[in-house]
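This is what each chain is made of:
Protein chains: 2
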Amino acid sequence: MVVLGIDPGLERIGWGVVERCGSQMKALAFGLVTTPKGPTPERLAMIHAELTGILEKHGPDAVCTEKLFFAKNQTTAIDVAKALGVIQLVISHSGLPCMEFSPPEVKSAIVGNGAAEKKQVQYMVQKLLGLAQPPRPDDVADALAIALTYALRSSAVRGLGQT
Amino acid sequence: MVVLGIDPGLERIGWGVVERCGSQMKALAFGLVTTPKGPTPERLAMIHAELTGILEKHGPDAVCTEKLFFAKNQTTAIDVAKALGVIQLVISHSGLPCMEFSPPEVKSAIVGNGAAEKKQVQYMVQKLLGLAQPPRPDDVADALAIALTYALRSSAVRGLGQT
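Protein chains in written order, with the numbering used here: chain L, 16 to 178; chain R, 16 to 178.
So that you can see chain L by itself, here it is in the shape it has in the complex (with noise of 0.2 Å):
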């Protein structure tokens, strides 16, 4: 099973894509998308047409997003829930399923403390998956932790047709 993982953003956006064999966890490929300042709707274009090829050329089972909960700051947060649509809209129309998980999910699935620090989810990440350095920057970091999420969640739950 391969996911893809997303870290949202208009700015940045984190993506990881995971293979699960049994309870191996491996990661295929991970990189950053950004895009300059300037027009929203022009940004936004530009995550379309870079997810559309990243979905294109790894061909995901499945995708996960990060959940956003707005506290504070939410100027930029209307922004990072404008990209999420546009990520969300490419994900619908590729016809794969679509998870949303919270920090605290993700924390809870890769270091079973939904309180956990950042340093220890990517400490996590990395030995999870086998790399010789933890991986860079923070929202590629995220991303591949949330892809991990869905496969070690699905690896517990057996039985629903997503081996």
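If you are wondering where the hints come from, they were derived from the structure by calculation, not from laboratory data. Values in this document were obtained by computation on a predicted structure and should not be read as measured data. Watch out, some of these pointers could steer you wrong.
Given that identical chains are not distinguished, each listed pair holds provided it fits within a single copy or across any two copies.
To be verified - Think about it this way: if two alpha-carbon atoms lie no more than 20 Å apart in a straight line, the pair counts; the simulated SDA-like pairs of lysine to any residue are:
| # | residue 1 | residue 2 |
| --- | --- | --- |
| 1 | 52 | 82 |
| 2 | 82 | 94 |
| 3 | 134 | 26 |
| 4 | 82 | 92 |
| 5 | 82 | 153 |
| 6 | 82 | 53 |
| 7 | 52 | 114 |
| 8 | 133 | 119 |
| 9 | 72 | 137 |
| 10 | 134 | 151 |
| 11 | 72 | 113 |
| 12 | 52 | 112 |
| 13 | 133 | 149 |
Guided by the hints, dock chain R onto chain L, whose structure is given.
Chain R alone, transformed into the frame defined by chain L:
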């Protein structure tokens, strides 16, 4: 000049097409797009399809939307921002100019008072467009007010190539 105004939402999207000939304003068409309860990505795909059809059918020269400001009910706000992201994507793909107006900006343009009541704005929308009745529901009246804001502003500011 023909302007499409859009009042964004995930469940209800008001839209209205206004034509300006000199100082005369006319409503060419207006309506409401609704999406049934269900997974957000599918609803976003419906909005994408409906709005693409509206743009193709009415061929506006410019498109305007409401500018979002979040205060309370952040879950609803995230959904509205996701929908607005998809709407702005469609506008970007069409190559048309795209403007966002805040509610006070719309009220100022329509009735000259940024703190005017909704009913007063709806009354003026009806009068400016020569409609027999106030447009209903509120989402449609808001969309027409947004389109009128652009039309009134561009009629006041000559020399912008927006005649």
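Each hint tested on the structure:
For the identical chains of this complex, residue 52 and residue 82 are inter-copy neighbours only, at 18 Å across copies versus 24 Å inside a copy, given an alpha-carbon limit of 20 Å. In this homomeric assembly, residue 82 and residue 94 come within 20 Å of each other (Cα to Cα) both inside a single copy, at 14 Å, and across copies, at 12 Å. For the identical chains of this complex, residue 134 and residue 26 are neighbours neither inside a copy (23 Å) nor across copies (39 Å), given an alpha-carbon limit of 20 Å. With identical chains, the CA atoms of residue 82 and residue 92 are at most 20 Å apart both within one copy (12 Å) and between copies (14 Å).
Only within a single protomer do residue 82 and residue 153 lie at most 20 Å apart by alpha-carbon distance; the minimum there is 16 Å, versus 30 Å between protomers. Taking CA atoms no more than 20 Å apart as the test, residue 82 paired with residue 53 passes between copies only; the shortest distance there is 17 Å, against 25 Å inside one copy. Taking the shortest Cα distances, residue 52 and residue 114 sit within 20 Å of each other only across copies (17 Å), while inside one copy they are farther apart (29 Å). In the homo-oligomer, the alpha carbons of residue 133 and residue 119 lie at most 20 Å apart inside one protomer (11 Å), although the nearest pairing across protomers, at 41 Å, exceeds that limit.
For a Cα distance limit of 20 Å, the shortest separation of residue 72 from residue 137 qualifies neither inside one copy, at 26 Å, nor across copies, at 50 Å. Taking the shortest Cα distances, residue 134 and residue 151 sit within 20 Å of each other inside one copy (12 Å), while across copies they are farther apart (53 Å). Within a single copy, residue 72 and residue 113 get their C-alpha atoms as close as 18 Å, which meets the 20 Å cut-off; across copies the closest is 32 Å, which misses it. In this homomeric assembly, residue 52 and residue 112 come within 20 Å of each other (Cα to Cα) only across copies, at 17 Å, whereas the closest approach inside a single copy is 31 Å.
For the homomeric pair residue 133 and residue 149, the shortest alpha-carbon distance inside one copy (12 Å) is at most 20 Å, but the shortest distance between copies (54 Å) is not.
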